[in-house]
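J.: Chains G and W, in that order, give the protein sequences.
Counted from 1, the first sequence has number 258 at position 258 by the working numbering; the numbering is strictly sequential.
Counted from 1, the second sequence has number 1114 at position 114 by the working numbering; the numbering is strictly sequential.
Be aware that one or more of the hints could be misleading.
Partial list, computed: chain W residues near chain G (C-beta under 7 angstroms) [stated by the list, open to error]:
#1 N1055
#2 E1057
#3 I1109
#4 T1112
#5 V1154
#6 A1301
The following residues of chain G were derived to be distant from chain W, with all beta-carbon distances above 12 angstroms [claimed, not checked]:
#7 R58
#8 E101
#9 G105
#10 L110
#11 L113
#12 G114
#13 L127
#14 G208
#15 P258
#16 V262
#17 A308
Over the 12 angstroms line for every Cβ pair with chain G, so calculated as not near, a few chain W residues [unchecked claim]:
#18 F1049
#19 R1050
#20 F1063
#21 E1108
#22 L1110
#23 A1135
#24 R1153
#25 W1189
#26 C1254
#27 M1265
#28 D1298
These are computed hints drawn from the structure, not numbers from a lab.
All C-beta atoms, glycine included, are put in the ideal place defined by N, C-alpha and C.
Number of protein chains: 2
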Amino acid sequence: MTDASQSQRSRSHRVDGLQYANWSEDIFRQMREGGVDAVHVTIAYHETFRETVLNIERWNRWFEQFPDLIFQGRSGDDVRLARETGRIAIIFGFQNPSPIEDDIGLVEILHTLGARFMQLSYNNQSLLATGCYEAEDPGITRMGREVIREMNRVGMVVDMSHSAERSTLEAIEISERPIAITHANPASWQPALRNKSDDVLRALAQSGGMLGFSLYPHHLKDKSNCTLQSFCEMVARTAELMGPERLGTGTDLCQDQPDCVVTWMRNGRWTKTLDYGEGSKEAAGFPEMPSWFRDNRDFDAIESGLRAAGLSDDDVAGIMGENWLRFFDESFGSGAG
Amino acid sequence: MTDASQSQRSRSHRVDGLQYANWSEDIFRQMREGGVDAVHVTIAYHETFRETVLNIERWNRWFEQFPDLIFQGRSGDDVRLARETGRIAIIFGFQNPSPIEDDIGLVEILHTLGARFMQLSYNNQSLLATGCYEAEDPGITRMGREVIREMNRVGMVVDMSHSAERSTLEAIEISERPIAITHANPASWQPALRNKSDDVLRALAQSGGMLGFSLYPHHLKDKSNCTLQSFCEMVARTAELMGPERLGTGTDLCQDQPDCVVTWMRNGRWTKTLDYGEGSKEAAGFPEMPSWFRDNRDFDAIESGLRAAGLSDDDVAGIMGENWLRFFDESFGSGAG
Chain G
1 MTDASQSQRS
11 RSHRVDGLQY
21 ANWSEDIFRQ
31 MREGGVDAVH
41 VTIAYHETFR
51 ETVLNIERWN
61 RWFEQFPDLI
71 FQGRSGDDVR
81 LARETGRIAI
91 IFGFQNPSPI
101 EDDIGLVEIL
111 HTLGARFMQL
121 SYNNQSLLAT
131 GCYEAEDPGI
141 TRMGREVIRE
151 MNRVGMVVDM
161 SHSAERSTLE
171 AIEISERPIA
181 ITHANPASWQ
191 PALRNKSDDV
201 LRALAQSGGM
211 LGFSLYPHHL
221 KDKSNCTLQS
231 FCEMVARTAE
241 LMGPERLGTG
251 TDLCQDQPDC
261 VVTWMRNGRW
271 TKTLDYGEGS
281 KEAAGFPEMP
291 SWFRDNRDFD
301 AIESGLRAAG
311 LSDDDVAGIM
321 GENWLRFFDE
331 SFGSGAG
Chain W
1001 MTDASQSQRS
1011 RSHRVDGLQY
1021 ANWSEDIFRQ
1031 MREGGVDAVH
1041 VTIAYHETFR
1051 ETVLNIERWN
1061 RWFEQFPDLI
1071 FQGRSGDDVR
1081 LARETGRIAI
1091 IFGFQNPSPI
1101 EDDIGLVEIL
1111 HTLGARFMQL
1121 SYNNQSLLAT
1131 GCYEAEDPGI
1141 TRMGREVIRE
1151 MNRVGMVVDM
1161 SHSAERSTLE
1171 AIEISERPIA
1181 ITHANPASWQ
1191 PALRNKSDDV
1201 LRALAQSGGM
1211 LGFSLYPHHL
1221 KDKSNCTLQS
1231 FCEMVARTAE
1241 LMGPERLGTG
1251 TDLCQDQPDC
1261 VVTWMRNGRW
1271 TKTLDYGEGS
1281 KEAAGFPEMP
1291 SWFRDNRDFD
1301 AIESGLRAAG
1311 LSDDDVAGIM
1321 GENWLRFFDE
1331 SFGSGAG
């Protein structure tokens, strides 16, 4: 690390916009080693409300067990507190609206329990919006409009990472507060169903929203063989399209997860036959991470890569965490209503 | 009201230790008219976790609908805020441990959602303790000991209002933080199964716990015909037994509730035959309130009655709310662990 970047590190916060690891003390320690102050963690894919509460209970036990490493983050100030106290603020989110079931009142209940992000759909059609794997995208549903308004009111961020194009554009339009795509890349770089068109990215930026760059190999050019240079040049190009202040990371790191977990992510309980999602029958498990980002200790590599791609110190500090921190400050409190 | 009591009112807080009204804008306005700054409201009798969450959702709608009248109280400071802003702090509690089902992790979840009191049993045997209508009382159960420790940790008050004698004495002994009997009277005054022996009241006081005096007619001498003088003289005698700083009100006011609600309170889903609780087949409904305490506008009568019974201004201020406020300050935050 150069002196300049060390100095940058001492001033700026490092925040990751999405992870879903098989959490353990080892991973929490690696996060601190990697300078991570806060992370948005997925606590539900297909879980019902009650199952989501069980997942929160599991986190509560970790908070009780590792108070010197982690605590529950509910605000931007908690990210600052994490930095000051050498811990990690853990911020809850859902990749699917299944935790609210068909009950809009659960939006506020789950916000009180700490949820700060919710995807309106995950690959499939939901009660609220369409997922990116559906053949047809009829846009935001009647309940979807009501839930977006309620999320705006209580301060829960609309996340459209796994949603389809029309639904995403409509969510940006309908939401009175900026939304996020916490973990995806531009489709112009890697044409995956999960990556986003320039139309979506422009609309997202114009509305004040945030994009978190994914390190999940299926979202990368050349997948597991993607180079750091290719990734960082893509970030620099996206900064030209969206403005650097609209960008962060959302590594989608699924560290130490067994392959049964990606099967759960893809299949939940919605199918009796196996869906391989972005994988295939021959490569059904989690893909191998790129060599330059294996776990939370590798954020310095990205930071250096972004500098090498020509981004300014301020832009790099923004992308590595300050932009998410500003967005948290603006998004997690109650809205005008 | 005398000048002296007006001056007292301007200095001290008025808190009621338990109500279960059929809530409405009218009742909230009557509370303000009666100078009530905070009330512990029952939000579950026999409800499961999910049903309790539905009850919280209903309260959330009321908080949204009447922000100038009420808000959710979570701390002693919220009682002060209520007084300063002319509103009522609504503090959640359960009369039964049914909301935590068989899952100790739900104690913290429900504390996060605002629950600050939980009875370990309601008339019958529960998973945690014995109710006052059971023939046998084997005391606090294995799970009960664990749950008391968890309630101590998170800051949820153990309430033994409807519990049996041995269970109550054991809860006082086991709990590392003071407990409460939010709504009951001395059995020496009115020998109801729900009222408490001098042994229990002495142990409660010695451990720093609180007794809230009930105005529910079945707990009163001469029931609906109880006189204000008899009630206030009983309070004065109890102040000699327990110390005036251990006392508050817990009116158990069930204003505007239809009789089907008392049937639910008594029977839940645990019996196929009707249990009449403290009532009878001939008088199965809610009993008529005493003429001097019909609703929240009548707290001044109690305050005057306590003065007439010879209690000092300070003691009266304590019993009308300051004692509960101090107890909230000490009880609702997280414990040593």
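J.: Are the hints correct? Go through all of them and say.
T.: How the hints compare with the structure:
1. N1055: Hint violated; W/N1055 Cβ to chain G Cβ min 10 angstroms, cut 7 angstroms.
2. E1057: 3 angstroms, holds
3. I1109: 6 angstroms, holds
4. T1112: Constraint on W/T1112 satisfied, holds at 6 angstroms.
5. V1154: 9 angstroms, violated
6. A1301: 38 angstroms, violated
7. R58: 8 angstroms, violated
8. E101: 10 angstroms, violated
9. G105: 3 angstroms, violated
10. L110: Contrary to the label, G/L110 does not stay out of reach of chain W, its closest Cβ about 10 angstroms off (not over 12 angstroms).
11. L113: Not fine: 6 angstroms to the nearest Cβ puts G/L113 too close to chain W.
12. G114: G/G114 is in fact no farther than 12 angstroms from some Cβ atom of chain W, at 8 angstroms.
13. L127: 17 angstroms, holds
14. G208: 26 angstroms, holds
15. P258: Check passes; 24 angstroms lies beyond 12 angstroms.
16. V262: 27 angstroms, holds
17. A308: 44 angstroms, holds
18. F1049: Answer for W/F1049: violated, closest chain G Cβ roughly 7 angstroms.
19. R1050: 7 angstroms, violated
20. F1063: 9 angstroms, violated
21. E1108: 5 angstroms, violated
22. L1110: 10 angstroms, violated
23. A1135: Its Cβ never comes within 12 angstroms of chain G, the nearest being 35 angstroms, so this holds.
24. R1153: The claim is violated: W/R1153 sits with its nearest Cβ about 8 angstroms from chain G, within 12 angstroms.
25. W1189: 41 angstroms, holds
26. C1254: Correct as stated: the minimum Cβ-Cβ distance to chain G is 25 angstroms, above 12 angstroms.
27. M1265: 24 angstroms, holds
28. D1298: Non-interface label on W/D1298 holds, nearest chain G Cβ at 34 angstroms vs cutoff 12 angstroms.
Checked against the numbered hints above, the structure violates hints 1, 5, 6, 7, 8, 9, 10, 11, 12, 18, 19, 20, 21, 22 and 24; every other hint is satisfied.
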